[in-house]
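Novice: Same order as they appear, the protein sequences are chains A and B.
So the first sequence is numbered by our numbering: it starts at 1 and just counts up by one.
So the second sequence is numbered by our numbering: it starts at 1 and just counts up by one.
Source of the hints: derived by calculation from the structure; they are not laboratory data.
Some hints could be false.
Said to hold, decoys possible - To spell it out: a stretch of chain B is covered by chain A in this simulated footprint if at least three of its residues, at any positions, have a beta carbon under 8 Å from a beta carbon of chain A; those stretches are:
1) 6-17
2) 37-51
3) 119-129
4) 177-191
5) 265-273
6) 315-321
What the hints assert, rightly or not - Residues from chain B that keep clear of chain A, each with C-beta distances beyond 10 Å, as calculated:
7) G170
8) G254
9) Q450
By construction, the Cβ of each residue, glycine as well, lies at the ideal position given by its N, Cα and C atoms.
There are 2 protein chains.
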Amino acid sequence: MSETRKFLLTEKDLPNAWFNVKPHLLEQPSPPLHPGTLQPVGPDDLAPLFPMALIMQEVTTDPYVDIPGGVLDILRMWRPTPLVRASNLEKALDTPAKIFFKYEGVSPVGSHKPNTAVPQAYYNKQEGRPRVTTETGAGQWGCSLAMAAAQFGLECDVWMVKVSYGQKPGRRTLMRSFGASVQASPSTSTNAGRAVLAAHPDSPGSLGIAISEAVEAAAVDPNASYCLGSVLDHVLLHQTIVGQEVVKQLEMAGVVPDIMLGCVGGGSNFGGFAFPFIPEKIKRPELRLVACEPAACPTITRGKYAYDFGDLAGLTPLLKTHTLGSQFVPPPVHAGGLRYHGMAPLVSACAEQGLIEAASFQQNECFEAAILFTKTEGILPAPESSHAIRGAVVEALKCKESGESKTIVFNLSGHGYFDTSSYDAYLAGELVDYEYPEEAIDEAMRDLPQV
Amino acid sequence: MSETRKFLLTEKDLPNAWFNVKPHLLEQPSPPLHPGTLQPVGPDDLAPLFPMALIMQEVTTDPYVDIPGGVLDILRMWRPTPLVRASNLEKALDTPAKIFFKYEGVSPVGSHKPNTAVPQAYYNKQEGRPRVTTETGAGQWGCSLAMAAAQFGLECDVWMVKVSYGQKPGRRTLMRSFGASVQASPSTSTNAGRAVLAAHPDSPGSLGIAISEAVEAAAVDPNASYCLGSVLDHVLLHQTIVGQEVVKQLEMAGVVPDIMLGCVGGGSNFGGFAFPFIPEKIKRPELRLVACEPAACPTITRGKYAYDFGDLAGLTPLLKTHTLGSQFVPPPVHAGGLRYHGMAPLVSACAEQGLIEAASFQQNECFEAAILFTKTEGILPAPESSHAIRGAVVEALKCKESGESKTIVFNLSGHGYFDTSSYDAYLAGELVDYEYPEEAIDEAMRDLPQV
Numbered sequence: 001m002s003e004t005r006k007f008l009l010t011e012k013d014l015p016n017a018w019f020n021v022k023p024h025l026l027e028q029p030s031p032p033l034h035p036g037t038l039q040p041v042g043p044d045d046l047a048p049l050f051p052m053a054l055i056m057q058e059v060t061t062d063p064y065v066d067i068p069g070g071v072l073d074i075l076r077m078w079r080p081t082p083l084v085r086a087s088n089l090e091k092a093l094d095t096p097a098k099i100f101f102k103y104e105g106v107s108p109v110g111s112h113k114p115n116t117a118v119p120q121a122y123y124n125k126q127e128g129r130p131r132v133t134t135e136t137g138a139g140q141w142g143c144s145l146a147m148a149a150a151q152f153g154l155e156c157d158v159w160m161v162k163v164s165y166g167q168k169p170g171r172r173t174l175m176r177s178f179g180a181s182v183q184a185s186p187s188t189s190t191n192a193g194r195a196v197l198a199a200h201p202d203s204p205g206s207l208g209i210a211i212s213e214a215v216e217a218a219a220v221d222p223n224a225s226y227c228l229g230s231v232l233d234h235v236l237l238h239q240t241i242v243g244q245e246v247v248k249q250l251e252m253a254g255v256v257p258d259i260m261l262g263c264v265g266g267g268s269n270f271g272g273f274a275f276p277f278i279p280e281k282i283k284r285p286e287l288r289l290v291a292c293e294p295a296a297c298p299t300i301t302r303g304k305y306a307y308d309f310g311d312l313a314g315l316t317p318l319l320k321t322h323t324l325g326s327q328f329v330p331p332p333v334h335a336g337g338l339r340y341h342g343m344a345p346l347v348s349a350c351a352e353q354g355l356i357e358a359a360s361f362q363q364n365e366c367f368e369a370a371i372l373f374t375k376t377e378g379i380l381p382a383p384e385s386s387h388a389i390r391g392a393v394v395e396a397l398k399c400k401e402s403g404e405s406k407t408i409v410f411n412l413s414g415h416g417y418f419d420t421s422s423y424d425a426y427l428a429g430e431l432v433d434y435e436y437p438e439e440a441i442d443e444a445m446r447d448l449p450q451v
Numbered sequence: 001m002s003e004t005r006k007f008l009l010t011e012k013d014l015p016n017a018w019f020n021v022k023p024h025l026l027e028q029p030s031p032p033l034h035p036g037t038l039q040p041v042g043p044d045d046l047a048p049l050f051p052m053a054l055i056m057q058e059v060t061t062d063p064y065v066d067i068p069g070g071v072l073d074i075l076r077m078w079r080p081t082p083l084v085r086a087s088n089l090e091k092a093l094d095t096p097a098k099i100f101f102k103y104e105g106v107s108p109v110g111s112h113k114p115n116t117a118v119p120q121a122y123y124n125k126q127e128g129r130p131r132v133t134t135e136t137g138a139g140q141w142g143c144s145l146a147m148a149a150a151q152f153g154l155e156c157d158v159w160m161v162k163v164s165y166g167q168k169p170g171r172r173t174l175m176r177s178f179g180a181s182v183q184a185s186p187s188t189s190t191n192a193g194r195a196v197l198a199a200h201p202d203s204p205g206s207l208g209i210a211i212s213e214a215v216e217a218a219a220v221d222p223n224a225s226y227c228l229g230s231v232l233d234h235v236l237l238h239q240t241i242v243g244q245e246v247v248k249q250l251e252m253a254g255v256v257p258d259i260m261l262g263c264v265g266g267g268s269n270f271g272g273f274a275f276p277f278i279p280e281k282i283k284r285p286e287l288r289l290v291a292c293e294p295a296a297c298p299t300i301t302r303g304k305y306a307y308d309f310g311d312l313a314g315l316t317p318l319l320k321t322h323t324l325g326s327q328f329v330p331p332p333v334h335a336g337g338l339r340y341h342g343m344a345p346l347v348s349a350c351a352e353q354g355l356i357e358a359a360s361f362q363q364n365e366c367f368e369a370a371i372l373f374t375k376t377e378g379i380l381p382a383p384e385s386s387h388a389i390r391g392a393v394v395e396a397l398k399c400k401e402s403g404e405s406k407t408i409v410f411n412l413s414g415h416g417y418f419d420t421s422s423y424d425a426y427l428a429g430e431l432v433d434y435e436y437p438e439e440a441i442d443e444a445m446r447d448l449p450q451v
């Protein structure tokens with residue numbers, strides 16, 4: 001039998017605290033601003049939408065935040081997740097590099113999203129809010145919150161972007177199987193939805209509209225909270241359970257990482273994977289933490305670091321972030337989870353401070369890497385995660401050229417078993433790559449709010 | 001933190017031999033017969049279709065068969081699989097019973113089928129046959145063989161029942177992502193397919209037709225083998241890796257099982273799970289091994305133990321098996337993998353010898369149990385596996401009534417993430433239950449071959 005393939009931790013090795021990257025930053029990130037007053041947002045501004053425990057996690061500078069036992073009890077249904085040596089991929093690439101991947105697709109809904117859905121549902125239960133609302137695009141986040149809500153007996157109402165509601169029936173059904181209600185957005189159940197439908201009866205919906213509906217539904221119901229699946233500090237905090245496990249697993253494997261890669265859309269997957277390595281990065285600057293984004297939505301690589309809205313309608317607080325402009329509508333690449341104009345402020349701050357770097361990839365080259373991964377490692381990756389695979393393949397091929405035996409670790413944030421129509425399109429040669437002329441990017445950022 | 005939830009083995013605990021149930025049987029099963037001569041089938045009869053190593057495994061009475069290192073190297077991409085304490089399900093049922101499930105859905109294609117696909121591909125590679133052919137219905141087996149073929153660089157050609165080819169695009173795409181060719185059956189690429197199309201241009205296909213096509217394609221190509229995903233002795237042998245892991249995991253958990261349940265269609269899932277417990281069953285007759293089958297296809301509970309063909313066209317050897325008659329066409333229940341008129345001869349022999357028992361369930365009660373499982377344990381089960389869940393729930397509720405704290409263990413043979421259209425139908429209240437009058441069963445078995 002050849003070398004160990006999977007590095008598995010036991011439930012006892014599950015981290016019992018979330019890792020907070022803030023104390024390690026060279027400079028604290030600029031605070032979110034109220035869109036009306038342009039003053040920093042305070043806990044009271046957020047209280048109608050979020051339970052207080054999450055608001056406190058949003059602002060804490062404690063180096064660690066304890067994970068409640070009631071959260072760990074759910075997380076350990078599938079955690080710790082495996083770290084796998086991709087030895088077949090190495091062989092296929094004929095590279096001297098060592099490649100490892102962390103596999104988050106073993107969660108009940110097939111991605112990393114439940115890592116934050118579970119604590120969000122938990123704190124709502126604790127603070128006596130029996131109902132949660134959210135939006136979802138392709139459905140990864142909606143399924144995760146529906147799963148977590150079922151665990152705590154919460155009512156869960158999801159507004160799913162109408163075009164995805166039709167195109168992704170699998171995830172729609174999964175949410176309902178968990179007991180959630182799922183409406184196509186724009187819906188007739190909110191003022192925001194009705195207003196859109198009045199103006200555009202055939203609207204295919206958008207994340208911006210669905211966010212407005214879910215926020216409105218929570219705001220008018222004192223028993224309800226709104227939940228968000230990425231971008232915010234507390235969401236990234238919850239995801240650090242991933243990177244903390246990787247720290248232990250790389251020790252088990254007896255290797256020191258040279259390059260760590262994760263795909264990046266809103267930033268929670270990458271942040272959760274990479275932040276626990278920031279202290280190491282500060283000590284050992286040659287360690288590279290690489291955020292892999294789509295060339296069709298090149299937020300860090302080509303966006304501007306500025307205050308901007310989180311949504312299209314301009315209802316959210318202003319966040320200091322890399323942005324392509326809140327009016328930027330990314331082309332319909334198949335990595336739907338990466339189609340976001342902005343970035344988690346914490347990821348952006350790390351990029352500005354030189355702690356992480358970013359690279360962008362076209363979707364065809366990502367699917368090509370994904371198919372190679374499928375044939376060699378057996379798992380069909382989510383189109384989002386394929387960006388990290390592409391990044392890893394590029395680095396492994398550089399090692400082949402230079403003869404260096406670097407250790408490359410990437411996060412396989414989810415599987416693609418609900419995304420097979422995207423693979424159909426790729427295998428049929430139907431996918432288009434996108435490249436923006438500089439003017440288009442400039443144009444999209446022209447209307448950034450003046451702060 | 002409450003009790004341990006998952007019982008995980010390491011790669012070192014992976015069984016290094018398959019368990020052969022034959023030496024433990026009270027009487028050896030009757031041999032397969034040649035359909036022409038009615039004489040027992042010999043190795044030479046099978047050589048055109050199967051590599052010799054598999055033919056030898058089909059007839060061996062050795063108590064264990066070594067698993068080659070090259071097979072273990074692939075299996076440990078996902079094995080050992082977890083044994084999970086279903087503590088949330090126990091709470092929801094308010095039962096004193098302890099419920100555990102073995103989870104085979106962590107494999108690359110989401111079911112137990114790769115456990116035999118990998119060794120089948122391995123032996124073909126070893127014996128210099130670079131091409132494998134097979135049929136598939138919903139696609140579980142086709143995906144598994146495609147995955148295994150990719151690992152060994154074999155060409156893989158799958159004939160997929162035409163109606164499923166249209167209805168299950170996800171698994172069709174997954175097979176192609178592994179590099180397999182997938183044709184809708186009946187196809188124009190075989191005599192068998194062309195004959196059906198000539199007579200019935202609109203034929204939706206059937207497993208019987210697809211088997212004929214895959215067998216023909218292998219028979220006319222000396223470089224090709226035909227592969228089967230269930231029924232045969234060597235297939236069940238390969239699946240015993242599941243039950244052997246469960247033996248160790250129950251020891252880890254410090255429990256002695258009272259009732260073990262698996263769903264049963266062709267028999268490989270149940271056999272692989274239950275056979276390693278047959279020696280224990282012989283020593284301790286109160287241990288119950290329960291095969292859970294659909295009431296719509298009640299092979300063991302209502303079929304006859306007799307020699308019959310494995311396929312509709314009568315091309316296969318005659319097998320001594322529980323059968324509803326090879327002309328029996330089960331109604332279109334959503335557990336497609338359980339719609340088979342016959343049974344693995346080894347499972348049938350165990351049933352005849354009182355070593356296992358069988359129970360049948362209607363699909364609506366199975367989906368009801370599956371939804372309860374989804375909400376409590378987070379995993380959407382395959383419709384097939386939901387029969388084992390139903391069986392476990394029934395036993396747990398009996399314990400609630402009697403106050404007994406029995407240990408119930410079932411095999412969750414796969415996840416249902418490719419089967420969400422079935423859940424849609426269930427949630428919409430559209431599923432029909434089937435009950436056969438005795439005459440219908442008698443009628444179906446009227447034409448059993450005279451042996």
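Novice: Taking the minimum C-beta separation from Q450 of chain B to chain A, is that value above 10 Å?
Specialist: holds, 46 Å
Novice: Examine the region 6-17 of chain B for residues whose CB is less than 8 Å from any CB of chain A, and state whether their number is three or more.
Specialist: Answer holds; 4 residues pass the 8 Å Cβ test.
Novice: Are there three or more residues in the region 177-191 of chain B whose C-beta lies within less than 8 Å of some C-beta in chain A?
Specialist: Since three or more residues must qualify, the claim that chain A covers the region 177-191 of chain B holds, with 3 doing so at under 8 Å.
Novice: Closer than 8 Å Cβ to Cβ for three or more residues is the test here. Does the region 37-51 of chain B pass it with chain A?
Specialist: The restraint on the region 37-51 of chain B is violated, since only 0 of its residues have a Cβ under 8 Å from chain A and three are required.
Novice: Taking 8 Å as the Cβ threshold, is the statement that the region 315-321 of chain B is covered by chain A upheld or broken by the three-residue rule?
Specialist: violated (count 0)
Novice: Quick check for students: does the CB of G170 of chain B sit more than 10 Å from each CB in chain A?
Specialist: Non-interface label on G170 of chain B violated, nearest chain A Cβ at 4 Å vs cutoff 10 Å.
Novice: Verify this label for me: G254 of chain B is non-interface relative to chain A, using a Cβ-Cβ cutoff of 10 Å.
Specialist: holds, 16 Å
Novice: For the region 265-273 of chain B, do three or more residues have a beta carbon lying closer than 8 Å to a beta carbon of chain A?
Specialist: Violated, because only 0 residues of the region 265-273 of chain B bring their Cβ atoms closer than 8 Å to Cβ atoms of chain A.
Novice: For the region 119-129 of chain B, do three or more residues have a beta carbon lying closer than 8 Å to a beta carbon of chain A?
Specialist: violated (count 0)
Hint compliance for this structure: hints 2, 3, 5, 6 and 7 are broken, all remaining hints hold.
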